[in-house]
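> Start from the sequences and build out the full structure, keeping to the hints where you can.
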Amino acid sequence: MRNTAEFRLNVFINCPFDSDYKPLFEATVFAVSIAGFTPRCALEAGDAGTFRLEKILTILSECRYGIHDLSRTEPGAFGLPRFNMPFELGLDLACKKFSSGEQREKRLLILDRSRFRYQKFLSDVAGQDIRDHGKSRRRVIVCVRDWLVSESGRAEIPGGDYMYRRYLSFQRELPALCRKLRLHPEQLTFVDLSGTIFTWLEENEV
Amino acid sequence: MTKTLHVEPHADGWAIRREGSKRAASIYKSKQDAIDEANKLSFDVVIHGKTGQPFRRSPVPPSIDPKKLRQAVREVRAASLKLRVRASTRNQASARGK
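Residue numbers (numbering that gives the first Met the number 0), protein chains in the order written: chain S, 0 to 205; chain V, 0 to 97.
Calculated directly from the structure, the hints in this document are not laboratory data. Possibly wrong hints are sitting among the right ones.
Unchecked claim - Straight line, CA to CA, 25 Å or less: simulated PhoX-like cross-link-like pairs of lysine-lysine: (1) S/Lys134 x S/Lys119; (2) V/Lys49 x S/Lys179; (3) S/Lys179 x S/Lys21; (4) V/Lys67 x S/Lys179; (5) V/Lys21 x V/Lys39; (6) V/Lys49 x V/Lys28; (7) S/Lys179 x V/Lys21; (8) V/Lys81 x V/Lys30; (9) S/Lys54 x S/Lys21.
Here it is in structure tokens:
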């Protein structure tokens with residue numbers, strides 16, 4: 000049985016997973032974590048026996064909040080854009096529309112790199128909560144923080160500038176941390192990154 | 000199913016409280032003692048900050064040994080604090096020199 004308390008604190012992150020996007024992905028995971036929510040994404044289940052779509056649908060159904068970054072919707076290496084992000088956004092919107100109970104409480108944030116760019120490739124999402132981050136980590140953190148505050152109504156979530164300063168401290172310590180753990184910062188998996196952020200926040204609060 | 004435990008500030012220190020319960024199950028002088036004990040009792044531990052702000056662990060445990068990870072975070076933190084103190088002492092000394 001799904002735990003409603005968990006559902007209300009889970010945040011699904013749908014974004015590119017390539018190395019160019021990694022700093023923004025890390026900033027998003029950090030912002031979600033420091034705000035007191037649980038970051039979830041398709042990378043968390045490494046079970047090869049599970050179909051990717053099945054895995055994504057399961058995680059989507061466990062998350063009240065969804066952050067969908069469409070900034071990589073552009074022609075890529077093969078002259079074609081990545082459609083995974085708009086597709087997963089569509090799944091989340093449909094889940095909210097056609098499900099019952101708590102799924103109807105779903106809250107979605109759509110991010111893109113510039114304002115109104117989505118109108119050129121996904122104009123159907125007009126009217127949703129769409130914000131631009133300009134590929135800036137600080138802006139991503141502020142967007143995610145402000146959206147979580149307004150959608151959750153939780154006043155105790157710290158301010159965006161404070162979160163960004165904490166993120167920079169974490170980033171400064173991450174290479175040394177990885178050296179101690181004999182890991183490469185570029186090769187940290189999502190669950191390891193998430194666990195490291197959790198432990199770092201916990202230790203730095205003491 | 001493991002029970003969610005909360006480590007949170009208490010008038011007498013830090014408390015471990017079972018989710019759904021209003022009363023503290025046990026109270027510790029330091030937050031670290033409460034965290035260590037809660038981690039022994041359950042995987043699902045929600046740790047709150049001094050102001051009551053909670054941090055939430057991902058439902059999928061990391062591949063890194065949690066004890067090693069915590070130890071590494073503490074060591075790096077201590078080293079970075081030492082560097083910061085040294086830099087601030089150096090700045091004060093150079094300010095006095097001027």
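> If any of the earlier hints don't hold here, list their numbers in rising order.
Numbers 2, 7 - these are the hints that the structure violates, sorted from lowest upward.
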